[in-house]
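We have chain A already, so just place chain B on it with the hints.
Protein chains: 2
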Amino acid sequence: MHKKKEFESLKSLDTEITLLEQTAALLEWDEETQMPREGVQGRAEQLSLIRGYIYDKKTSSQIEDLSIALQQDDDTCSDVQKAMIRIYRREYEQTIKIPKQLVLDMSDAKSKGQVAWAQARKADDFSQFSSYLERIITLERAYADALGYEEHPYDALLDQYEQGMTTQLVTDVFKPLKKSVSTLLARIVSQPQVDDTFLYESYPKELQDKFGRMVLQNMGFDFSRAHMSESVHPFTTTVGPDDIRITTRYDEPSVSSPLFSTIHEGGHALYELGASNRITRGTVLAQGVSMSVHESQSRLWENIIGRSDEFWHYYYPQMQKIFPSQLADVSQEAFIRGINKVEPSMIRVNADEVSYNLHIILRFELEKALITGDLSVKDLPAAWNDTMKSLIGVVPNSDAEGVLQDVHWSAGLIGYFPTYVLGNLFGAQFYRTMCQQLPNSQDMIARGELQRVGSWLNHNIYQYGSIYPPQDLLMRVTGERLNSSYFITYLTEKYQNLYGLT
Amino acid sequence: MHKKKEFESLKSLDTEITLLEQTAALLEWDEETQMPREGVQGRAEQLSLIRGYIYDKKTSSQIEDLSIALQQDDDTCSDVQKAMIRIYRREYEQTIKIPKQLVLDMSDAKSKGQVAWAQARKADDFSQFSSYLERIITLERAYADALGYEEHPYDALLDQYEQGMTTQLVTDVFKPLKKSVSTLLARIVSQPQVDDTFLYESYPKELQDKFGRMVLQNMGFDFSRAHMSESVHPFTTTVGPDDIRITTRYDEPSVSSPLFSTIHEGGHALYELGASNRITRGTVLAQGVSMSVHESQSRLWENIIGRSDEFWHYYYPQMQKIFPSQLADVSQEAFIRGINKVEPSMIRVNADEVSYNLHIILRFELEKALITGDLSVKDLPAAWNDTMKSLIGVVPNSDAEGVLQDVHWSAGLIGYFPTYVLGNLFGAQFYRTMCQQLPNSQDMIARGELQRVGSWLNHNIYQYGSIYPPQDLLMRVTGERLNSSYFITYLTEKYQNLYGLT
Chain A
6 MHKKKEFESL KSLDTEITLL EQTAALLEWD EETQMPREGV QGRAEQLSLI
56 RGYIYDKKTS SQIEDLSIAL QQDDDTCSDV QKAMIRIYRR EYEQTIKIPK
106 QLVLDMSDAK SKGQVAWAQA RKADDFSQFS SYLERIITLE RAYADALGYE
156 EHPYDALLDQ YEQGMTTQLV TDVFKPLKKS VSTLLARIVS QPQVDDTFLY
206 ESYPKELQDK FGRMVLQNMG FDFSRAHMSE SVHPFTTTVG PDDIRITTRY
256 DEPSVSSPLF STIHEGGHAL YELGASNRIT RGTVLAQGVS MSVHESQSRL
306 WENIIGRSDE FWHYYYPQMQ KIFPSQLADV SQEAFIRGIN KVEPSMIRVN
356 ADEVSYNLHI ILRFELEKAL ITGDLSVKDL PAAWNDTMKS LIGVVPNSDA
406 EGVLQDVHWS AGLIGYFPTY VLGNLFGAQF YRTMCQQLPN SQDMIARGEL
456 QRVGSWLNHN IYQYGSIYPP QDLLMRVTGE RLNSSYFITY LTEKYQNLYG
506 LT
Chain B
6 MHKKKEFESL KSLDTEITLL EQTAALLEWD EETQMPREGV QGRAEQLSLI
56 RGYIYDKKTS SQIEDLSIAL QQDDDTCSDV QKAMIRIYRR EYEQTIKIPK
106 QLVLDMSDAK SKGQVAWAQA RKADDFSQFS SYLERIITLE RAYADALGYE
156 EHPYDALLDQ YEQGMTTQLV TDVFKPLKKS VSTLLARIVS QPQVDDTFLY
206 ESYPKELQDK FGRMVLQNMG FDFSRAHMSE SVHPFTTTVG PDDIRITTRY
256 DEPSVSSPLF STIHEGGHAL YELGASNRIT RGTVLAQGVS MSVHESQSRL
306 WENIIGRSDE FWHYYYPQMQ KIFPSQLADV SQEAFIRGIN KVEPSMIRVN
356 ADEVSYNLHI ILRFELEKAL ITGDLSVKDL PAAWNDTMKS LIGVVPNSDA
406 EGVLQDVHWS AGLIGYFPTY VLGNLFGAQF YRTMCQQLPN SQDMIARGEL
456 QRVGSWLNHN IYQYGSIYPP QDLLMRVTGE RLNSSYFITY LTEKYQNLYG
506 LT
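If you read the sequences in order, they're chains A and B.
Under the working numbering, read the first sequence as residues 6 to 507, first letter to last.
Under the working numbering, read the second sequence as residues 6 to 507, first letter to last.
One copy or two, either will do: identical chains are not told apart, so a pair holds if it fits within one copy or between any two.
Below, in silico cross-link-like pairs of lysine-lysine (DSBU-like), each with a Cα-Cα straight-line distance of 35 Å or less:
1) Lys326 - Lys215
2) Lys8 - Lys62
3) Lys16 - Lys62
4) Lys183 - Lys127
5) Lys16 - Lys117
6) Lys183 - Lys394
7) Lys117 - Lys10
8) Lys180 - Lys102
9) Lys10 - Lys62
10) Lys117 - Lys127
11) Lys346 - Lys394
No wet-lab data here; the hints were simulated from the structure.
As the structure is a computational prediction, the values presented were derived from the model and not from experiment.
So here's chain A without its partners, still in its complex pose (with noise of 0.2 Å):
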């Protein structure tokens, strides 16, 4: 290439953010999983100290200096040295778009934000936080505005959690994901309900992890270069490029959410263990490209392979043989129902794999409109509940189990809550692939062989890691743009075959 020189000091200024980044990683893991309660004011001036290193140097004149001699459209770049420009540029460019007194005015309004939401969810009073979400969505538009768009205010705010997402690429793939979903589960709900109370039983933590464990090593979770804690919400992280972290929590009344809660950060974890590898090790590249594919890959193990009957055709009897007092009286098919049972609810959290997507689309809307001005924050309850009614058939019965339930907003998250959903359409075009690529991908799943099918995603997916765009690496590895059909069919196959549905 050109400019070697140059490249050279972006490297060099990359490894040290990276080492940055990890270490802000350890001091956030060790927060919520070890540190003492009274620790948090200096782990927070720890984090700041380091946090704020981050910034300088992403910021720095040197950068600004190296964003204009080097260029990602070089064509004497590899790859590899295009991405690192393109990821270094695109950050110093939205961040020097954003006028300073903005940068400081969202940071006040979205820790005000998150206390006045905390308490005005405690007090299930949405007026107590609507000034606030006021303010923040006031701000989130003269984000909007300084980032820039083409077409839609709500492009800047999507752009920032997943590069290249518009709205209107949104609304094109939510569109018949809205009516399909929406068919599907009224169709579910005019039947009987399945039987679940055997996944409330009590089942001993010891096991569970036990279990959960098997699963992961067998999913390819190498426990040399990964680890797994306890923590209040379960999460995953990066603290070195041999050592990813998940979480898990076993205090929750069923059996079923602490497996899949683990199969799902087990996911993510397999991404960005491909993601760190001999051509990407210590760079910003050695990571998942945006939250859209990491949630794709969350979402494929936990529900696509690990709610399937293939799945439950291997580990069912496992399961049976380690709470034999729990399970032994109920079969495998019925089993398999309990864990995807579908029961329109006010909590997205808590939400089955069919109305998990409304949710969304209705969060989408909200946001949307909130945006452009079209919904003002004092209607956005009653918004919120009408929405509910229309696409869920439910009304909460208050603002802590309806428009307060989420932290999302009041943390300044607008433009978020779509990659979700994007997860679940992106997951089922790459597993389609895999199915056409590797057609005995489900007796591999049936027996066990799940590294088999990791061993697929690596070489596709994980191993390039941020090397390229998201609907770039779509494109490479289904041939194809972003189209919710694959979600679709998947979605009302699966249902309509569980619910006898004809």
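Below, chain B without anything else, positioned relative to chain A:
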């Protein structure tokens, strides 16, 4: 004070250095307790980055300018201000005295030395390590010359770990100690040996952990500001102003090792917890002042308190209740004799409270002779064995259980060993003052009121953190210079009584 602005600059540098030190402490703690095996390379890079930042800040021209501008004997300064100036000046001056090439050579010698030592120990062959040790000794002598000393080159090395300590002072306090302990040991060895086989039965780990945590809690180990987990080698570290961590290990043949290890680290932790307070919080002063004073606290809690009659008067009935099948038939007296069993042996880390002192005196004499050149490395194994024979009365059968047993010399830690026994001396001298000022302290211990003892220690020692240099602190608390007679009296009376010597 004069130069308020300069002092504010020093404080702000200190805050940043302290936060970086805490971050490094977490990276290290995590490596020993949580990190997956393959994470080691990435962790080394993260630590090297953070340690590099610390080094750069401590040796920056800003520190140099502040060192010149700020005088620690400026009478307008508070004790806290003087201490902060003293510490940064000292560190800066020590650092700039060492030529860069010597730092690099030593770093290389240590990293190669530790590898060679581990291999030599495994092969049980000192000759594989001797040339590495020769190089380290040569470099240590060069360090001593660079740092400078008044009387003895070993002074310069000692002073690195224990500010103000000299070869002459150690010699003065070790001389009567050596004589008394040798005599005591010889008398004990002539007595019938006590039975401690009951300590080697099977004690479930969860119950050991429960008992250890109960003792810690009573000592004043505040679990909302402190944390205990497991690691191969027990240690204490400070991860934040309200986040002090200890580790213990349970896979020991006896039940007493993990418990006394927990109490020992608990003593270190109480010191660190007390050292971080309203006055010192978030500064370099919020930590124990020296190796010897730190060790005085861990040993005071472990041995003087934890292995005493009074302690077990309160705790033995509870211990018996938790471990009925192991201890129902063991009297309190027999238990106390068991945990205080004295038996000459080869390995320092397993040594009893009496012979431990002789293991250290041996190392002090040998390393002093290595530094002066009175002893050559090739003659070291023979000198080791001869001294073992004359001091402790046993001779190692191999290099591995003799001269190769400790990692210290291979890690360049010469001048460090004496702090372990100095800790015994400081501890007994502090304890004697406590018994004078708090005449009921033994009754308190016998009633399990360990926190009242902890309060005295906190009020007189812990709360000062690093404000006063170690020997000044000793003088403030006990009113006299270091004096080995208190430890000698304590040890002699205790073991005369236990072994029925007259």
